[in-house]
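Engineer: One letter stands for each residue in the lines below.
Protein chains: 2
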Amino acid sequence: MTADPTSHWGWGRADRFPDLDTRTALAGQLQAVLGIPGLPPEAPVALADVTLPASRLAVPAGLAAFTTDDREARVRHTYGRSYPDLVRGFRGDFASAPDLVARPRTEDEVVAAVRWASDHDVAVIPYGGGTSVVGGVEPVVGPRYAGTLTVDLRALDRVLEVDPVSRLARIQAGATGPVLEQQLAAHGLTLRHFPQSFEYATLGGWIATRAGGHFATLTTHIDDLVASLRVVAPTGVAQTRRLPASGAGPAPDRLWIGSEGTLGLITEAWMRVRPRPRWRSSASARFTAWSAAVAAVRALAQSGLHPANCRLLDRREALLHGVSFDGTDVLLLGFESADHPTEAAMARALAIVADHGGACPDGTTHRDDGAAAGHDGQAGTWRQAFFDGPYLQTAMVSMGVIVDTFETAVTWDRFDALHAGVVRAVRDAIVAVTGQKGFVSCRFTHVYPDGPAPYYTFVAAGARGEEIARWQAIKAAASDALIALGATITHHHAVGRRHQPWYRQERPELFARALAGARRSLDPKGVLNPGVLLADDEA
Amino acid sequence: MTADPTSHWGWGRADRFPDLDTRTALAGQLQAVLGIPGLPPEAPVALADVTLPASRLAVPAGLAAFTTDDREARVRHTYGRSYPDLVRGFRGDFASAPDLVARPRTEDEVVAAVRWASDHDVAVIPYGGGTSVVGGVEPVVGPRYAGTLTVDLRALDRVLEVDPVSRLARIQAGATGPVLEQQLAAHGLTLRHFPQSFEYATLGGWIATRAGGHFATLTTHIDDLVASLRVVAPTGVAQTRRLPASGAGPAPDRLWIGSEGTLGLITEAWMRVRPRPRWRSSASARFTAWSAAVAAVRALAQSGLHPANCRLLDRREALLHGVSFDGTDVLLLGFESADHPTEAAMARALAIVADHGGACPDGTTHRDDGAAAGHDGQAGTWRQAFFDGPYLQTAMVSMGVIVDTFETAVTWDRFDALHAGVVRAVRDAIVAVTGQKGFVSCRFTHVYPDGPAPYYTFVAAGARGEEIARWQAIKAAASDALIALGATITHHHAVGRRHQPWYRQERPELFARALAGARRSLDPKGVLNPGVLLADDEA
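Chains as they are written, first to last, in our numbering: chain A, 1 to 539; chain B, 540 to 1078.
These aren't lab readings, by the way, just hints derived from the structure by calculation. Here the structure is a predicted model, which is why all the values come from computation and not from measurement. Be careful, since some hints might not be right.
[Said to hold, decoys possible] Not close to chain B: a few residues of chain A, all C-beta gaps over 10 Å, as computed:
id: 1; residue: Pro41
id: 2; residue: Thr51
id: 3; residue: Ala359
[To be verified] Have a look at the derived ranges for each label pair, beta carbon to beta carbon:
id: 4; chain 1: A; residue 1: Gly363; chain 2: B; residue 2: Arg963; range: 56 to 66 Å
id: 5; chain 1: B; residue 1: Ala828; chain 2: A; residue 2: Ala347; range: 31 to 41 Å
id: 6; chain 1: B; residue 1: Arg697; chain 2: A; residue 2: Gln505; range: 24 to 34 Å
id: 7; chain 1: B; residue 1: Glu700; chain 2: A; residue 2: Gln505; range: 16 to 26 Å
id: 8; chain 1: A; residue 1: Gln505; chain 2: B; residue 2: Trp829; range: 51 to 61 Å
id: 9; chain 1: B; residue 1: Asp927; chain 2: A; residue 2: Ala347; range: 36 to 46 Å
id: 10; chain 1: B; residue 1: Ser830; chain 2: A; residue 2: Ala3; range: 52 to 62 Å
Backbone N, C-alpha and C fix where the C-beta goes; we use that ideal spot for every residue, glycine too.
Put together the whole structure using the sequences plus the hints.
Structural biologist: And the structure:
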């Protein structure tokens, strides 16, 4: 077994964590650009120095072939990658580590693990890439369980079957983005689901959390790409029928999609795949007024043009991501097709942009490049920054800086009030808890005819030992504002344990009761990811 | 109160039921074109001559302002419009009439009716247009109920609010297609949901049954147009949040969409509306080989062109609907947009058609006509036949002819085997039960990148008093074939009571348990539309 190259506490590869000099330089930039001071960079507690509570469970004989109470495995499966996860991991605090970690190699082993856990009142935490930012994989489950068993599904990572006629592929839930894309590429196909977690997160995790992907319109969530599912619950295994569509009762897939492990462990799915796009058009438009940029995006979202990329970055976000330094808001616009040239759609989109005062000083790029990846200007710059973002956050944690993101969706009629209210709430909270101004930026990740999905980034000064308390106050202010102003607590980051108090305000009480009823039917002992979606008193 | 102009047993308006001479002529055409003999036309049992079982329930004082045990009201709320419904209604058999009919004028009255029913073990049958073809509104509920209360929601028919910025409208569930479209037109908007039931069915019924609408691609089902719902259950009222999208847990709306009254009565919904299209392009393509036509439609469905109309009629269907008499299969193709001309999309679509050997002898029509309705060639001919279809079925019932439709969806890789198997099963069943050849035709109503939604029509000779038994044998053969060959029991006609045995084979057992668990939470006494979706032993 080779050493795991990923960080035991931070985002991604351990060797991407910058050295002391680089981080010191970064702190200087932070002060210069955002006016937010970093503290002297510290080193994370090394894996060897982490101390853990003893496991409360012995490895059961029936699961011994794929289950361990190994210290490193327990450390590595304690957290997702939320801000408080990073801070606690950095400081060597792994108090909530699972008692056991299973790594099933077959669905039968998943079934065995889930049945054993149900029989022994052990909570089951499904685990894919461990990239949750909402506490979805942290084994904090309350006192009524004998212990916790994290089930890491990453050994189930195969594309099992491809139906090129229907453009469908049967893929195991533990496949990460690169692993499944590599296997699909052999068939000339792609899932084209590229969330920020692409490199590490798994198909099952995306489905369980309703991940948002590449496409800014139409197939925005992984939900839309699911043709059928296989799910393991304590009471059995469910296989939904592989269909393009059906009107037979409530959609079965839609009950499990977004259930975050509380109604079963997804083991595989038939996914809608496609050939790589051949034609692409891209442009970036600049706006000097935010309101005009928003109006342009609304018109585009309601045009029926269905751009693949329609990401609006406010001037602060554009600065942060290195795509604009002149104080303009930037719209990254892209069309792609495997069937036909995209010039005409882009031309009409740019006419809409121009009608709203947007300028395209860099012109438009049209490409006809078969399967080549190629460079696509500012969208490419933005994409690199997008995938590097979590590494930056990890580095900032070592400098005591509070940096995090949150995201939502809201109807267009409420957007202006929401945006003003959220930015004010976050800024005020930052001043209240840090005594100094912070930074708040906004982009739209996905857009719909009836509203945008705004995504906010905030940066605030930290104080050693108080980062989590400060973060909690800012996060609560943001979440309160989202709910009060008619938005959702999450467009694609899921609920987990951290968003639960606000989810509770958002969803109808009757829906919580329905979910709890469904859960009791599928999981009578309530061992599946307890505390997620439903609080202990609701389950 | 004016007399109800609708038929008490047949489709739509009573005055559209053809007179004896017309029906005799129709029988001759049937014999000449399809070779299927009609029996001498009979007259339906008049409303005045229908005898009913006495109501088992007295009108409760608390509901008296909007509830009745009136004989005509009970007759008119006994059936949907399935083939066996028509036959029984024609013969004056209304044995399963509801005991009471409520017509609430406010949501509070819906709540009162549902609570009273739950308190008194009375089954509640939600009723909109009464156009169910699957027994969804027939009060057959088993022995454990004290009686049945049909709740007709058509007094709740207002568009309550319009948000033109987000293109959303809050509409009461009892509004029929024309009634809601008229109100939306005052705002320059349209829902553009045109199922065959458009004139009579209601928004709530469409949502409860996942109705299929106008658009052949993308927003095929009413599901996609729902932004939020209000639902009344015995345990309370649910209001989902009005959002363009969310990733917070399983989608609440998707649990109620398609629940067919078993998880609550939908009282209103925020719906995604749009301006009327300004630009339209239409064409009809002819194919001499069915397999080539299917391949062309698959290529179109996978092209990303998203035609609004992409309806493939096989040669028999084309004949039946009067759009082709030369033995060719006909593809009706249309694009529409309120934002941009549709010539380019049509040109690319016709290139795909030509690649597959399709010919367009009538050329293409492009229009730029603001809000005018206008004529659009063969698509218009087809549309008129489409809306007239149910009247024709009603007339045939009086001639003892068995005529019905069923529909499904399946992935492309399985379509050829499904189609061959279904047509064979239906033909064989017709010969087995009638001793003579029948007629089976097929069209695609909606298409997806991963498969089509085929819609079958069959005609067979009847025999007085044996129509329902014959129909049941044919329907069972068709349904068995659908399930055995990997298709769904319904793409947009719902499950009701008639499809329940096949739905049971289609959906995973664990999903049925989850539904039953959800139902017990929302409706502890199990009074909501019992027998629909879940059989008595599953609920």
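Engineer: Return holds or violated for the Cβ distance of Ser830 of chain B and Ala3 of chain A against the range 52 to 62 Å.
Structural biologist: holds, 56 Å
Engineer: Between Glu700 of chain B and Gln505 of chain A, is the Cβ distance one that fits in 16 to 26 Å?
Structural biologist: Hint holds: Cβ distance 22 Å, inside 16 to 26 Å.
Engineer: If you check the beta carbons of Asp927 of chain B and Ala347 of chain A, does the distance land in 36 to 46 Å?
Structural biologist: holds, 42 Å
Engineer: Is it correct that the beta-carbon of Ala359 of chain A has no partner in chain B closer than or equal to 10 Å?
Structural biologist: holds, 21 Å
Engineer: When you take the CB atoms of Gln505 of chain A and Trp829 of chain B, is the distance between them in 51 to 61 Å?
Structural biologist: holds, 55 Å
Engineer: State, for the Cβ atoms of Gly363 of chain A and Arg963 of chain B, whether the hinted interval 56 to 66 Å holds or is violated.
Structural biologist: holds, 59 Å
Engineer: Far enough from chain B: is every CB of that chain over 10 Å from the CB of Thr51 of chain A?
Structural biologist: holds, 36 Å
Engineer: Just tell me: holds or violated, for the beta carbon distance of Ala828 of chain B and Ala347 of chain A against 31 to 41 Å?
Structural biologist: At 37 Å between Cβs, range holds.
Engineer: For Arg697 of chain B and Gln505 of chain A, compare the CB-CB distance with the range 24 to 34 Å and indicate the outcome.
Structural biologist: Because 29 Å falls inside the window, the suggested range holds.
Engineer: The output says Pro41 of chain A does not contact chain B. Does that hold with a beta carbon cutoff of 10 Å?
Structural biologist: Fine: 34 Å to the nearest Cβ keeps Pro41 of chain A off the interface.
Figure legend: structure checked against the earlier numbered hints; every hint is met.
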